[in-house]
Amino acid sequence: MSESISVEIREVSKRFGDFVAVDSVSLEIKKGEFFSLLGPSGCGKTTLLRMIGGFELPTAGAIRIGEKDVTHLPPYKRPVNMVFQSYALFPHLAVLDNVAFGLRYKKLSSADAVKKARESLALVRLEGFEDRLPAQLSGGQRQRVALARALAMEPEVLLLDEPLGALDQKLRKEVQLELKNLQRSLGLTFVFVTHDQEEALTMSDRIAVMNQGRVEQLDASHHVFEYPKTEFVAQFMGAPNFFTGVVKSLAEGLLSIGARTESEIRVRARSNSWRPDDAVRFVVRPEKLDLRTKSGTSDGEVSIEVTIEDRVYQGVNTVWVVRSDEGERYTIYEQNDRPFQESSRFRVGGRAFMSWNPRDTVVMEKKENGQLVG
Amino acid sequence: MSEVSNKSSPAPRLLVSPAWFFLGIFFVLPLVIMLVISFGMRGTYGGLKPIVDWWGYLSSGDFLANYRQSLDALYLPIYWRSIWMAVATTVLCLLISYPIAYYIAIVAPTRWKNLLLALVVVPFWTSFLIRTYAWMLILRTEGLANTLLMQAGLIQQPLDLLYNEFAVMIGLVYGELPFMILPLYASLEKLDLTLLEASGDLGANHASTFWRVTVPLTMPGIVAGIVLVFIPSIGQFVVSDLLGGAKSMLVGNLIQNQFSIARNKPFGSAIAFELTAVVLVLLLAYAWWSKKKGQEAML
Amino acid sequence: MSESAPDIETTPQFVGKRAVAPRGAAPFRWERKAMGFHSLLVYIFLYAPIVILVAFSFNEAKQTARWEGFTLQWYGRLMENKLILKSMMNSLLVAGTATVVCTLIGTLAALALGRYEFKGKGPTQALLFLPIIIPEIVLGVAMVTFFGVIQMRLSVWTVIISHIVFSVSYVAIVVRARLAGFDRSLEEAAMDLGAGPVQTFFRVTLPLILPGVIAGALLVFTISIDDYVITSFVAGAGATTLPLQIYSMIKVGVTPEVNAISTLLLLFTIVMIIVAQRLQQPPTEKGERK
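In order, the protein sequence lines correspond to chains A, B and C. Each residue of the first sequence is one higher than the last, beginning at 1 in our numbering. Each residue of the second sequence is one higher than the last, beginning at 375 in our numbering. Each residue of the third sequence is one higher than the last, beginning at 674 in our numbering.
The following block holds chain A by itself, in its conformation from the complex (with noise of 0.2 angstroms):
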């Protein structure tokens, strides 16, 4: 095992009962990265990480920390420490206490105890509040305590659950950054879990974006969100413009895609397993689509004639919302950098023609194939 990795997980497995919250995962988590762990409810980004802070055991497979196999590891055994989600903040403790609890089990006299949690309050920016109560803090207070308690204990990885969940939407994007700060001037390991997408595009090194248990994607985090490999994540990442089409020929890394566009596609490869004939499914981002009066424009763009439905305006942007002839639903993300009047040109009801650069054409995996949704 590297030097430079922090967390290995290794087909790991988790099963309550007939439920499968966690299947056969595994995953490497680097040093120093800051690592989050996406996906909707359910799908067992939090069980995942209750394995590494070692408040489930894995039904099967085994997790590392360093070099050190801690599978079967109680947690007070375990060199990570955890945010949780509701903070799990001693009530009957002042915040000093609370911050210092954990340290009389690293053997230190009680004077150092107190210096460490002085500094870790300080850290995160709480100097006098020392003897307050949980009860007498405000929520995003009580989420710096919390992340000053585990900082402490000085962990090999941070394990943060949703710490931004309780906090209003304002508040949030400052933690976001500060968190993100944070981390980079610690050079800590975080593994983060959260379902917002747009937290963890903010924060994060690499992603790992789950769906029932299994890790979808494992990318940088602007990676995901540009090159999604699944139409699970392409839709999770906002991008649910699906199109079908078939395979014309590989040829020098670029795939040429036949569908119902006015031309073929081409874009670069990421496989070499394409044959002619393969069906395969694309997507192509919102704000990458554009409405157009007219077809065939001269710089090689794609287009495909549809019907406006709908129209909504968002201040920032408009949102265009139209059906192709196979009746299969676009959105389109139009930037509202011309004056308001002249995107009537179009009407709901209307014909127009949706097009974009080939480039910007993202192929679906081969092996999603099989199990097209919708």
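Source of the hints: derived by calculation from the structure; they are not laboratory data. As the structure is a computational prediction, the values presented were derived from the model and not from experiment. Note that beta-carbon positions come from the ideal geometry of N, C-alpha and C, so glycine has one too. Treat each hint with caution, since some may be false.
Said to hold, decoys possible - To give an idea of the interface, some chain B residues facing chain C are shown, with a C-beta separation under 7 angstroms as derived from the structure:
| no. | residue |
| --- | --- |
| 1 | 392 |
| 2 | 446 |
| 3 | 499 |
| 4 | 500 |
| 5 | 503 |
| 6 | 507 |
| 7 | 511 |
| 8 | 611 |
Please build the complex by placing chains B and C on the supplied structure of chain A, with the hints as guidance.
Showing chains B and C alone in chain A's frame:
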């Protein structure tokens, strides 16, 4: 979900074993013994008569003798009185309690609520015996009520306020009232007031809002209160013993008599089980009702 | 709550239905007044007998209900009454022992019921529920019959055993209620911070349920010290408790000493209730400054 809640863990069984041990010996066993005795026959000196011919005893139906005897016309007035007094107590408590529970939960200023509620809770926990005794002070011939009435010139002769069904009734209502107010308060407190506004908005006046919205929504509290008042009332014997006369005997007094005076334990046991059966049936009916309504039982 | 609601009587009707407060919402002013008056009467009904009892304990008059002057002599007489003093000692012994045993057994059972899913959980719940719902008189006669069958002489011990039987459930219920609001992740957090199971129990779980445990204990003490019905069946000679003593005095007739001892007992229970109530409040409310 977590490892500690593993079904095979021995911890919970260890934790409940002292309770099982103690209650098994000193609670379950006594009830079983009493059930057995209720099928027995009274011996000469208040003990049990040994049974020689088991087959004959069982086949002749003699073992049901105590239960048969309990249905004797002699005792029917006692049951009847127990039931109607318990019903009357329950109805009176409900009528008295609903407005005050409504007042505390909805009308009273927020800052007074806790105090008003605490004032209901205190008698709930203070000695039932002493609270019953306090009524003796008021109702007896030389008591406060007669003294005041005579001083006011309203009566010439003291009234017989004590040792009758009227006094028992007062004692029962007085004793059980908090048991009705508290569950009513609990469900009125949970009532979403915007529902009342919605009802008014849809054209219902106060009365019909009350009957069509408030009452149905507080039904769990009403039913819980009825159960909580009716059950202790029907098994009551202190109130009737202190405030009632010979003519206001209740089932509780009948049972107590069989053990302390008549020395007929088998018969007393049989009546005790009949009383227990009535109570259990009521509680099961209540549990069934709560389940049907999809509500968490309040008891 | 209703204070902020618009008053219907003073709102002109012609402003139209929408502008007027919905008719079903706040009660009319006369309805509120009627309910307030009714509540006042109920409170008088609840407290008048108690107040009268307390007042009479300070009344010179021995037989009549007339006020003949303030005195503490009835309290003085209590202190000379050997029977009453003995019954007080008995009551304290019974309630004290029952409290210790019930708190221990009840808390353990509550921990199991509140924290685990296990085979036999349903029967255990029923077992702990039954002593509360079975009519006291039935429990009393069952206990005395049982002691007769096993030939255990009635004494102060039979009283203690019976009191444990009907009180243990209260501890289990109160502590379990406290556990119901218990955030499991607090224990996980303790373990996460390096505390083993035993340390977690003593540093986190126990401090957090302690108010419930103490409240349960006070409850048992109060119930035990007040109990008459069951005790009257199972008390042996020399095991007369305070309620038994009071009862026998009442049966003979109303006396000022009974008023005095009743007042003391009332005072005692009220103090206990207040302490128990204080403790039962969740810790978050204690220092809320918002």
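Hints, verified against the model:
The criterion of a C-beta within 7 angstroms of any C-beta in chain C is met by residue 392/B, whose closest approach is roughly 5 angstroms, and the hint holds. At its closest, the beta carbon of residue 446/B sits 20 angstroms from a beta carbon of chain C; the interface hint therefore is violated under the 7 angstroms criterion. About 5 angstroms separates the beta-carbon of residue 499/B from the nearest beta-carbon of chain C, less than 7 angstroms, and the hint is met. The closest approach between the C-beta of residue 500/B and any C-beta of chain C is roughly 5 angstroms, which is under the 7 angstroms cut-off, so the hint is satisfied.
Annotation: interface hint on residue 503/B holds; nearest CB of chain C at approximately 5 angstroms, less than 7 angstroms. Interface hint status for residue 507/B: upheld, as the beta-carbon distance to the closest one in chain C is roughly 5 angstroms, under 7 angstroms. Of the supplied interface hints, the one on residue 511/B holds, with its beta-carbon coming within about 6 angstroms of a beta-carbon of chain C, less than 7 angstroms. Because the closest C-beta pair between residue 611/B and chain C is about 6 angstroms apart, less than 7 angstroms, the hint holds.
Comparing the model with each numbered hint stated earlier shows that hint 2 is the single one that does not hold.
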